[in-house]
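Using the sequences and the hints, build the whole thing.
Residue numbers (my numbering), protein chains in the order written: chain A, 657 to 832; chain B, 7 to 188.
Hints in this document: simulated from the structure, not taken from any laboratory.
Simulated crosslink set (BS3-like; lysine-lysine; CA at most 25 Å straight-line):
1. A:679 to B:185
2. A:703 to B:94
3. B:95 to A:703
4. B:179 to B:95
5. B:179 to A:679
6. B:132 to B:95
7. A:679 to B:140
8. B:23 to A:703
9. B:185 to B:170
Chain A is nowhere near these chain B residues, computed Cβ spacing over 12 Å in every case:
10. 8
11. 9
12. 10
13. 18
14. 71
15. 136
Sample of chain A residues at the chain B side, in silico, Cβ under 8 Å:
16. 681
17. 707
18. 822
None of these values were measured; they are calculated from a predicted model.
Where a beta carbon is used, it is the ideal one built from N, C-alpha and C, also for glycine.
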Amino acid sequence: MKRKEEPFQFSDFDEQQATGELKRQVAQLREPPATISHTHWSNLLVKTNRRIDEATSAKALSISWAARVAIPGVVAILFFFIGLHYYVPQVGKKESSVASLVNMLPQEAVDSILAEPGRLSASLAANEGSSDIFQFSTEQLSDYLVVTGNAQTAVENLNDSEVRILLSLLDNKKNL
Amino acid sequence: MERLSDLDLVNEVRGGKRQAYTELMRRYQQRVYWTARRIVGSHEDADDVAQETFVRAYLALGDFRGDSSFFTWLYRIAVNLSLNVLRKKQVLGYLRQSDIINRLLPADDDPHKDLEFAETTSRIEKAIAGLPEKQRAVFVMRYHDEMSYEEISQVLKTSVGGLKANYFHALRKVQEYVKDEA
Numbered sequence: 657m658k659r660k661e662e663p664f665q666f667s668d669f670d671e672q673q674a675t676g677e678l679k680r681q682v683a684q685l686r687e688p689p690a691t692i693s694h695t696h697w698s699n700l701l702v703k704t705n706r707r708i709d710e711a712t713s714a715k716a717l718s719i720s721w722a723a724r725v726a727i728p729g730v731v732a733i734l735f736f737f738i739g740l741h742y743y744v745p746q747v748g749k750k751e752s753s754v755a756s757l758v759n760m761l762p763q764e765a766v767d768s769i770l771a772e773p774g775r776l777s778a779s780l781a782a783n784e785g786s787s788d789i790f791q792f793s794t795e796q797l798s799d800y801l802v803v804t805g806n807a808q809t810a811v812e813n814l815n816d817s818e819v820r821i822l823l824s825l826l827d828n829k830k831n832l
Numbered sequence: 007m008e009r010l011s012d013l014d015l016v017n018e019v020r021g022g023k024r025q026a027y028t029e030l031m032r033r034y035q036q037r038v039y040w041t042a043r044r045i046v047g048s049h050e051d052a053d054d055v056a057q058e059t060f061v062r063a064y065l066a067l068g069d070f071r072g073d074s075s076f077f078t079w080l081y082r083i084a085v086n087l088s089l090n091v092l093r094k095k096q097v098l099g100y101l102r103q104s105d106i107i108n109r110l111l112p113a114d115d116d117p118h119k120d121l122e123f124a125e126t127t128s129r130i131e132k133a134i135a136g137l138p139e140k141q142r143a144v145f146v147m148r149y150h151d152e153m154s155y156e157e158i159s160q161v162l163k164t165s166v167g168g169l170k171a172n173y174f175h176a177l178r179k180v181q182e183y184v185k186d187e188a
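Shown next as structure tokens:
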């Protein structure tokens with residue numbers, strides 16, 4: 657049977673009593689209150705004003721524009737051209753014949769192909785799986801990011817909703 | 007000279023008088039700092055939150071409609087930023103538990119830093135640091151800043167009943183901690 661949830665009972669009087677009791681306990685500890693020098697507040701004003709200037713200046717605008725638009729744009733264009741370079745058939749280019757290719761190989765390589773043809777086909781089969789150089793497994797990608805990336809910076813740059821999502825995922829993982 | 011109200015100063019800032027914003031900062035920077043400090047628990051983070059709060063408020067001043075007081079609006083920004091800092095710390099805490107990333111993150115193992123923190127942190131601050139983020143924020147606003155539940159509700163966008171429950175649990179935990187430490 658579903659238990660009916662009781663409304664939370666914490667009257668204003670109870671709250672005042674409990675808060676007052678805690679304040680008395682804290683007072684009995686006789687800890688000196690944390691103080692911050694007057695200079696700190698003046699510096700805080702200066703630092704905040706500087707940050708406002710930076711945030712509203714054209715320089716800040718260009719930096720944020722570069723971070724949000726230009727850099728990802730350049731990366732995307734770069735990948736596009738690299739992709740074009742590797743994937744578009746080279747129309748008009750004269751294809752080399754097998755004979756001319758064999759002639760370009762050193763003599764030892766030709767001898768080894770003739771002596772052990774099975775070895776060549778095995779190595780070709782092994783390469784076949786990774787023919788697409790832009791295809792990485794998720795594990796490979798995350799390994800790369802973990803090894804080369806700065807996790808702290810990455811976390812600091814997350815926005816609030818991303819942090820919430822990540823946190824709930826991590827919480828779920830922890831509870832499993 | 008007559009003391010201008012917050013709203014008058016806001017209108018002056020909107021009219022281009024930057025000096026008026028400095029006056030607003032002077033009025034509230036300590037309250038913003040201490041609220042942030044009690045939630046995030048460290049001076050450096052609180053300092054950063056205080057600065058960021060005023061920067062964001064300045065940039066969003068055009069959106070301030072005056073439905074609530076300027077300070078409540080500012081306070082909301084500060085509390086949300088503080089909670090965001092806490093969440094990021096929590097994510098980093100999880101990551102630090104991972105063996106791989108543990109090696110890549112800068113270690114917080116400066117013994118002098120810990121000592122300094124221990125010396126400057128009162129028992130009540132340590133007790134607050136042990137609370138879950140929501141309870142921590144509610145406790146700071148209710149106990150230290152003596153805000154009404156209605157005001158806290160405006161800041162955290164939570165029902166008054168939920169806030170009372172959070173405050174009750176936070177109060178009990180802090181009391182137990184302080185009692186044990188005494």
